[in-house]
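Given next are the chains, with one letter for each unit.
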Amino acid sequence: MSYRRILAIVIRHLYVWPRNMDRLMGSFGWPILEITIWGITMSYFQQNLSNSLSVLTVILGSVIMWQILARTQTEISIVFLDEVWNKNLINIFSSPLTKAEFLVSIVLLNTIKIFFTILSLMIVGYFYFKFNLISSFGLYLPFLLLNLLLVGWSVGFFVIGVIMRFGYRVQELAWAIFLVTQPFSCVFYPISALPPWAQSIALLLPSSYLFEEMRNILSKNSINMSNLYISFTLNIIYLSLSIWFFSAMFEKAREQGRLVKLN
Amino acid sequence: MAVLQVKNLTKRFGSFVAVNDVSFELKEGEILGLLGPNGAGKTTTIDMLLGLTTSTSGIIKYFDLPFEENKISILKKINFSASYINMPWTLKVIENLYTFARLYEVDDYKEKVKKLMDEFKLTELKDKLVNDLSSGQQTRLYLCKAFINSPKLLLLDEPTAFLDPDIADIIRKIILNRVKNENTSILFTSHNMTEITELCDRVIFLSHGKIIAEDTPEELAQKIKFCKVRLLFAVENNKVKTLLENYKYSYFIENKEIVISLDEYKVGQLLGRLSLAKLKYSQITIDKPTLEDFFIKVAREKI
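Residue numbers (numbering that gives the first Met the number 0), protein chains in the order written: chain H, 0 to 262; chain D, 0 to 302.
One or more hints might be untrue.
One-sided excerpt, in silico: chain D residues whose CB lies under 8 Å from chain H [what the hints assert, rightly or not]:
no. : residue
1   : L51
2   : T52
3   : K75
4   : F99
5   : R101
6   : L102
7   : Y103
8   : E104
9   : E110
10  : A233
11  : Y248
12  : Y250
13  : F251
14  : I252
Calculated from the structure, these hints are not laboratory results.
Treat the numbers as computed from the prediction; the structure is a model and nothing was measured.
All residues carry an ideal CB built from backbone N, CA and C; glycine is no exception.
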């Protein structure tokens, strides 16, 4: 594995990031808009309907965490789609860049970009709604964030694999998949609120455990560590499967000549 | 020394055979043309040579090393450009070249990029976005990228397609200059037969995935035995036409000239018949067969 080739891909996308309005809106605009809308709505409910501060806290925490997850999985797929849209796929995969280096580079790129997204959400949350992400989650924050990133990477790699298999016609999946997983991730409600059939799906998703424990931390100031361990274990399994799936679809695309046709 | 050896290379997509048992070698410093009509298997061959598509069977060796087992070290020594690829159009020229220099792990890459930009006359365009470049400037950039790692072997798939003749000529001169200075081997595809004749030392002709001819461009042209005799007559063309039709010559009219296609050895006989009929021409031109004639004959008749 070559760090120079990994950096080549990371820097190539970082060149574009500050001057591409689409990407800036994705990293900052939409997440900030989302937290603002939810923050104002919940402030209104808090003032008029309830005295409970925890509802606002829980919703804002959920919105921030969900944005981190959604942005991660979308960003991962979009880095790949960016190369497809730029007709650059042949250039990079006819260079010495390996599949593993490509995956590492998009993970590294995503980590850099999501750091700034988190920072912007923390600032907006704190200054507008007095929500302090760090003090709210304390020492659990790095573990929660790591797990959210792992979920996002797994879904992102899976989406890239699907695009390699089915081509352009499924590229919408890059944006749509998080809408499909959101109800089962139980972002704003407990798993028990779902119908039984949906609960069994939710229990297979590492994100549902994370949001459950996030609510526990914010509302009850307690945590069930076993849920975090289950989430982490599921994440490792899904990440391994998604890397395998990406690799298998990449090889299938090479075999069937689809890698070239994607360009 | 062969920089590239291809043995019995075959690619099947289901029941369709895109490349069928193709074998050839490319020597150091040689420019080899890969010719053939659309769908002949040229681009699929190049895709396999780059590892973008896997072969169904056969062996690809670069520098005596099997490709799949030594892919990374081999890809560092070769490069590629084509008319159908692009480079990120929201990146500046210099950002693109830096990116590819890093991908190919070029040492002292800033200096290398500077030199190449000078050579390809891109220095003044270095801060322009790719999107804002003309077709000719973009092609120069793609070729500049192709030379970024000082490749031992360059695969060029119709690099001058869509360019006007003047720019295409400049590009050809740049390529030839690099080959001369760096001893780079080139595998070159083009539909421009003049270009192939000018650039290539040797030509492989593909049709329906198979190699059907392999020789120098001149020797391939020689395989066409007919030539074109162009005659401009002072007399009315009708008398000439009658004579040609009586003797069953194949002809057509082009810019007031009568163009007769016939076997080279029959030219004397034709001129004798015209003389006997007292049909005097004011101008005569004999077109020798070219690579283009060979291409057309093969594409139409599949010899």
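Verification of the hints:
Look at L51(D): its Cβ gets to within about 5 Å of chain H, closer than 8 Å, so that hint holds up. The closest approach between the C-beta of T52(D) and any C-beta of chain H is roughly 5 Å, which is under the 8 Å cut-off, so the hint is satisfied. At its closest, the beta carbon of K75(D) sits 5 Å from a beta carbon of chain H; the interface hint therefore holds under the 8 Å criterion. Taking 8 Å as the C-beta cut-off, the interface hint given for F99(D) holds, the closest approach to chain H being about 7 Å.
Taking 8 Å as the C-beta contact cut-off toward chain H, the hint placing R101(D) at the interface holds, the least distance being around 3 Å. This hint holds: L102(D) has a C-beta 4 Å from the nearest C-beta of chain H, less than the 8 Å allowed. Annotation: Y103(D) was flagged as interfacial toward chain H, and the flag holds, the nearest CB pair being 6 Å apart, inside 8 Å. A least Cβ separation of about 5 Å between E104(D) and chain H falls short of the 8 Å threshold, and the interface hint therefore holds.
The interface hint given for E110(D) is broken, as the beta carbon of that residue sits about 16 Å from the closest beta carbon of chain H, more than 8 Å. With 8 Å as the threshold, the beta carbon of A233(D) stays out of range of chain H, its nearest partner Cβ sitting at about 57 Å, so the hint is violated. At a threshold of 8 Å, the smallest CB-CB gap from Y248(D) to chain H is about 47 Å, leaving the interface hint violated. With a least beta-carbon distance of about 45 Å to chain H, the hint placing Y250(D) at the interface is violated under the 8 Å criterion.
Checking F251(D) against chain H by beta carbon gives a least distance of about 41 Å; that is not within 8 Å, so the hint is violated. Restraint check, I252(D) versus chain H: the minimum CB separation of about 45 Å is more than 8 Å; hint violated.
Going through the hint list in order, the structure does not satisfy hints 9, 10, 11, 12, 13, 14.
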